[in-house]
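Protein chains in written order, with this note's numbering: chain A, 1 to 690; chain B, 1 to 690.
In short, the hints are calculated from the structure, not lab data. Errors might be hidden in some of the hints.
Treat identical chains as interchangeable: a pair holds within one or across any two.
What the hints assert, rightly or not - Here are the simulated EDC-like pairs of lysine to aspartate or glutamate, each with C-alpha atoms no more than 16 angstroms apart in a straight line:
| no. | residue 1 | residue 2 |
| --- | --- | --- |
| 1 | Lys419 | Glu644 |
| 2 | Lys419 | Glu451 |
| 3 | Lys419 | Asp66 |
| 4 | Lys103 | Glu158 |
Source: prediction; values computed, not measured.
Number of protein chains: 2
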Amino acid sequence: MDHVVIECVSPELDAGRHPVKRIVGDTVWVGADIFKEGHDVLAAQAIYRGPGDTDWSFAPLTYDFDSDRWYGAFTVDRIGRWRFTVEAWTDRFVTWRSELKKKLDAGQQIHTELAEGAELIRAASRSARSPAARASLTMTAKILADRRGDMSIERRIERALDDDLLGLMREHYRADDLTRLPRELVITVDRERARFASWYEMFPRSQTAPTPDAPPHPGTFADASARLPRLAELGFDVVYLPPIHPIGRTFRKGKNNSLRPEEDDVGSPWAIGNEHGGHTAIEPSLGTFESFDAFVATARDLRMEVALDYALQCSPDHPWVTEHPDWFFIRPDGSIKYAENPPKKYQDIYPLNFWCDDRQALWDACRDIFLFWIGHGVKIFRVDNPHTKPLVFWEWVIGEVQRDHPDVIFFAEAFTRPKRMNALAKLGFTMSYTYFTWKNSPTELRDYLSELTQTPMVEYYRGNLFANTPDILHEYLVNGGRPAFRVRLLLAATLSPLYGIYSGYELCENVPARPSSEEYLDSEKYQLRPRNYEAEGNINGDIERLNAIRRAQTALQRYANLTFHSSENPTILFYRKSANEPPVQWVGSRRQDIPEAIVESLESSEPRLPTVPSTAASTGEILVAVNTDPRHVQETMVHVPIHEMEIDDDEPYTVHDLLTGARYTWRGVRNYVRLDPADQPGHVLLVERV
Amino acid sequence: MDHVVIECVSPELDAGRHPVKRIVGDTVWVGADIFKEGHDVLAAQAIYRGPGDTDWSFAPLTYDFDSDRWYGAFTVDRIGRWRFTVEAWTDRFVTWRSELKKKLDAGQQIHTELAEGAELIRAASRSARSPAARASLTMTAKILADRRGDMSIERRIERALDDDLLGLMREHYRADDLTRLPRELVITVDRERARFASWYEMFPRSQTAPTPDAPPHPGTFADASARLPRLAELGFDVVYLPPIHPIGRTFRKGKNNSLRPEEDDVGSPWAIGNEHGGHTAIEPSLGTFESFDAFVATARDLRMEVALDYALQCSPDHPWVTEHPDWFFIRPDGSIKYAENPPKKYQDIYPLNFWCDDRQALWDACRDIFLFWIGHGVKIFRVDNPHTKPLVFWEWVIGEVQRDHPDVIFFAEAFTRPKRMNALAKLGFTMSYTYFTWKNSPTELRDYLSELTQTPMVEYYRGNLFANTPDILHEYLVNGGRPAFRVRLLLAATLSPLYGIYSGYELCENVPARPSSEEYLDSEKYQLRPRNYEAEGNINGDIERLNAIRRAQTALQRYANLTFHSSENPTILFYRKSANEPPVQWVGSRRQDIPEAIVESLESSEPRLPTVPSTAASTGEILVAVNTDPRHVQETMVHVPIHEMEIDDDEPYTVHDLLTGARYTWRGVRNYVRLDPADQPGHVLLVERV
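Looking at chain A on its own, in the form it has when it is part of the complex:
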């Protein structure tokens, strides 16, 4: 039976059903409501265990009166699954000591009190292992209990209230009512790249130079490798390839999603599998495993990573169709069911039956696909349409893979209703696509990014803001042209530490398949698209500058440090990326700021809280102003949160535009901003003190 009540522990997601997410090196703030009956003094600690640890480590919790809550912190210094829970107990010695003091102050008799203290001290001496401690405690107990009056009452009191005694008692007194929260809470600790990365998506088969007078020929991994140095120069961290596997022939889609392909149509890479193999094979025209491995190695040498697509579906020509027809849905006429969303048919795709009788073998095979590519140096997977496969499958397979490979990153490409997208993130996906492409007005952006970064979603959902994808060309880009591309790039790269573009974005490609379609005309999904990536009008300059700024400024590498601030012209969006993520806890859906005194006392105490790993990056405050109107010059007064940055009302300060190098002297809250989309759609301002 629990002597002490421990509740509302944080971080905790859905009462411990799901882990929360952190990045290696993070401080984990623990909070709990802890109480029992009466007036006794309590003590509490978080106990925690990193991956592979057999013993618990301890972090003391401190009580804050105003919030009536206990707080503590520890650092997660390795990736993998961590566990923690909370313990509390009555601090009998401190209770006794404080009551003794009160009685002394009131001039009351304290003989029996000293005898009671002696009992506590004697109990502690019995559990002390060090002979010195035991001896000291035993002697102190004798002095306090002294009935013959050998020692003056003053000396005995002095001994009772001695600070060293307090320390010894803290160390050796064994609580008689230790209560532990009956569940252990899990924290998934990922590597830094799970929080901070610039993504670039490209089809390797398109990475050839354009041949204006001849039909294009398919690009290879070698061609794709040749582009990597430039991508590294532009500052990308992750190069993501759509499926690289053999492409099905049956019902192959032609150009522009035509159902009547021509002889030489290359097909959609998402129709996986033909006679050359399935998910663990490479499309022969792309090259060999050797050339793929070389591609991965080149990326690694350039300090980039390769992400592969993971699309659990098969073309009718996939080897599994003949080897394991029972892994698919068999219709009464013996045929295998193709994908459809009536009345639409996708006859080039067979969905898998995740609940077939041979379920375990199928699931194992799905897991083995991950393990296979991990064996080829791939540690990041962009998972195609995970919301069309069982949620419990993802929880299982991610757990299986991360057990041995905690550095593997899973990126959920689910565009569905919020609860399902959130569920995938809770069940284990490291990061997720978002609705960002469809949020183009300042109000939508502000609401949506606030939801992503200023609600309990921060505990599990890391939004990777793609500005476009092969499936999503938003009309904002269609109508807004180059200035719109620059605006959206700036927003994506500064609103979240995770963002990406799909190739063609740098060239401001924006011709839709049909009016008001989000599909591209001549979509690369169905045909080769060689490009001159340095063609006139490209925005590589913006990309390179923004990625460099992101690497230089830690504020742009954090996720939950985003706040929006007033702009008197609502067309201009104004926000701050603060130097540090605010210490916040989420208790259910309630936000609980960690009291400042608690943060300070923990930061000033011992090396218990290691500082963030030192980097070359600057740790300043960043302010961003973006003109979301790609057609007109806009001007406004923005309201700078100077007090949050500890700037006085009458203190001038410099804001340094990291995009242009210009410096402006600002003063007070209201300051002037003018943005011409044709010239400069926004400012990324580092706040410098004069």
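With chain A's structure known, arrange chain B on it following the hints.
Just chain B now, with coordinates in the frame of chain A:
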């Protein structure tokens, strides 16, 4: 493994750790987020079980697109502990049927689809018990599967889409992926008096007529019985008696809490136990068990109930001190530890050691006190200072008592920090004291009552608003005199369906023991206080009228139907008690209103939702305006929530002051109110349509 995700179920408290509370006859609204991968149609139901039921009952859940959530309802028609949980599954037949329709609309071939439907129907026929249903299903399956073409395709399609078939399939098709929430959630269903009651506290020993020329003599149960008819006339439901047990002699407190009592001092009833017995004995001067039983019977005949005090502490003369000294804290010198909060000493009280070695016997004895008085017809206990005894003890003892006596009501007298008060309510206390006595400004009242009634606290915390207690005479009453007493009575009686006064209140007794003390001078805790309850200046008229209005208006018998509305003069508090409690769910700390369409469809469907038990009471809308300034006339424009009451902007309506009988014609939102504290401190307005 769960095929379907079921989460965010409501009502649920702390992930099922604690029960939510309801009143018999209540509609329990169940909500859940339910989803799985892909596009299949889901079905879901709540399953529930009343006390003693061995089988589950079922309530279907309906999907609401806007909130992306499922809802249903059932009625709790007996008191006791109910359990429920949620099940969901894929509705394969409806999925198939809707896809079939889409394909037909698109003019696609559907032969194989019909064969698939036949398989589903055949599966259902195998689980149908009724021969008629089985025959119908078997025949339909044959017709759909018909390969020889005996029947036209049109007839087969007609049969496939037949509504009767849909009904049969709903009844007989056994889901292959039924998923049940892995925990059962508990609902404590109490009787009506747990939500609606007017309480009166009195010391039976004071219920004699004043004897101005002679010292008072102790009143008896017979004297107390004599007062019951008048209390019934005033409209009280519960008569609560401080402890009626023998009072200790050792360190007995004298008048005004004096440590030097006089010979004839009667002592505090909370110092329980002497040579005549302890918690299961009666103070001899009060009478015998026969006279106590008669008192209880008289109350019952007057449709009132008796509530007893339950104070787990002993005087040094309590029989347990000699019989079970080990149930107390023994000090090193062998003495028993008295209560203290250093430097204060309470030597007339020994606290119990709830964690003594003989714990189970002590706890059983504590439980048996309840059972003993239940045996004497007492079903309501006001528990003294529960926050000084282990929380886990209360959870245990309330569970033990309510297992056989679910009609027993526990009322927590804890004045401590909010989290502990909430914890006691969560652990089982039926109702709780509140901070109401200390909330006297309109802002404080509005904030606090909104917290009590418009947050997840409504799921477990029922605030009983006492306007005074023997321990709490607030300075608002001291300074404000009779008008202040009328204001606070009006507030207590209309803000919550549970309220109470301690005797003397009707006489506006307000002389504190010392300036700024909340203790009464000549406190009845330590001496006899015979009174003339009809003395000049009494506010019995107010009491009688308010209690009658409360009985006549169901709006004043509900708890969560309180909303505050604007008053342009902030001194006047203006609020509405709506005719019905709004259908609301709490998902963690997030409020989720049940969509109107869902409420309407459930209310219009079958007798699944029985109407509220019919009473003679009216079910109108109530508006209350109270002048919180006891000294000055105040006037204001109040803002009437006419749209919430479906009154048009230009539609006149009548408000009928139930206190005075006056009727006013109002129109629109803004209306005039003038309140003179010397005359009428407030309006209780029934909204009548013209």
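Structure-based check of all given hints:
{"no.": "1", "hint": "Lys419 x Glu644", "in the structure": "neither (34 angstroms within a copy, 31 angstroms between copies)"}
{"no.": "2", "hint": "Lys419 x Glu451", "in the structure": "within (13 angstroms within a copy, 28 angstroms between copies)"}
{"no.": "3", "hint": "Lys419 x Asp66", "in the structure": "between (35 angstroms within a copy, 12 angstroms between copies)"}
{"no.": "4", "hint": "Lys103 x Glu158", "in the structure": "within (14 angstroms within a copy, 90 angstroms between copies)"}
Violation of the numbered hints given earlier is confined to hint 1; every other hint is satisfied by the structure.
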